[in-house]
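Undergrad: Sequence:
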Amino acid sequence: MSPRCFYRNRKIIFYEDRNFGGRHYECMSDCADLHSMFDRCRSIRVESGMFMVYDRPRYVGNQYFMRKGEYADYLGITGMNDCVRSCRKIPEHTGSFRVRLYEHFDMGGEMMELMDDCPNIMDRFHMSNFNSCNVMDGHWLLYEQPHYRGRHYYLRPGEYKRFSEWGGRSARVGSIRRIMDY
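So that you can map any letter, position 91 of the sequence shown is 91 in my numbering, and since no number is skipped, the others follow by simple counting.
By construction, these hints were calculated from the structure, which means they are not laboratory data.
Everything numeric in this text was worked out from a predicted model, so none of it was measured.
Built from N, CA and C at the ideal position, the CB exists for glycine as well.
Please note that the accuracy of each hint is not assured.
What the hints assert, rightly or not - Straight line, CA to CA, 16 Å or less: simulated EDC-like cross-link-like pairs of lysine to aspartate or glutamate: (1) 161 to 92; (2) 68 to 26; (3) 68 to 92; (4) 161 to 110; (5) 11 to 47.
Said to hold, decoys possible - Label-pair distances were calculated between CB atoms; the ranges are: (6) 122 to 33: 35 to 43 Å; (7) 158 to 47: 27 to 35 Å; (8) 70 to 170: 28 to 36 Å.
All chains, full assembly: derive it from the sequences and hints.
TA: As structure tokens, this is what we get:
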């Protein structure tokens, strides 16, 4: 059986005020520019599915992973600013997971392959700088610090020839985990 990615009904609601107050905007698909929909975002409700939200248009800038739940004080939970400018829904994935991390740009140098979560890249591979990667199966969250802490980046299937292509500010990789509906 080959792995598949599919979207179920997924919905995220952005509110201008804390505790789900003020104007709101409902989103059920990827949106590259939310600026015209609302001025600020202080709370979020994810009614179904999983999303990445970004503080800049076109899926760049600081990223934050959101799964089903209520975020009454979005700023307090994420540490991000109140500018949500784009969002991307994450498809459900069935099948295997596989990612390759490379020491150098353009998939060069030493390669490490993962098929499951890794809470501490340095402990497992004795390296923490990876300049490129290839996501072969599944969707992943890559974290700058061990134990799934710090800035994190959404990796969809495909090649990332340099860390800036996944939004990274450096080549530092502390941990990585699969994105799965729990």
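Undergrad: If a hint holds in the structure, say so; if it does not, say that too.
TA: Against the structure, the hints:
Only pairs whose Cα atoms come within 16 Å are accepted, and residue 161 paired with residue 92 is rejected, the gap being roughly 25 Å. For a cut-off of 16 Å, the pair hint linking residue 68 to residue 26 stands: about 14 Å separates their Cα positions. Proximity of residue 68 to residue 92 is assessed by CA-CA distance (about 13 Å); at most 16 Å being required, the pair is judged to hold. Using a Cα cut-off of 16 Å, the hinted pair residue 161 and residue 110 holds, with the two alpha carbons roughly 14 Å apart.
Of the pairs offered as hints, the one joining residue 11 and residue 47 holds, with about 5 Å between alpha carbons and a cut-off of 16 Å not exceeded. Between residue 122 and residue 33 the Cβ separation comes to about 38 Å, which falls inside the hinted range of 35 to 43 Å. For the pair residue 158 and residue 47, the supplied restraint of 27 to 35 Å holds, since their beta-carbon distance comes to about 28 Å. Checked against the hint of 28 to 36 Å, the pair residue 70 and residue 170 passes, with Cβ atoms roughly 33 Å apart.
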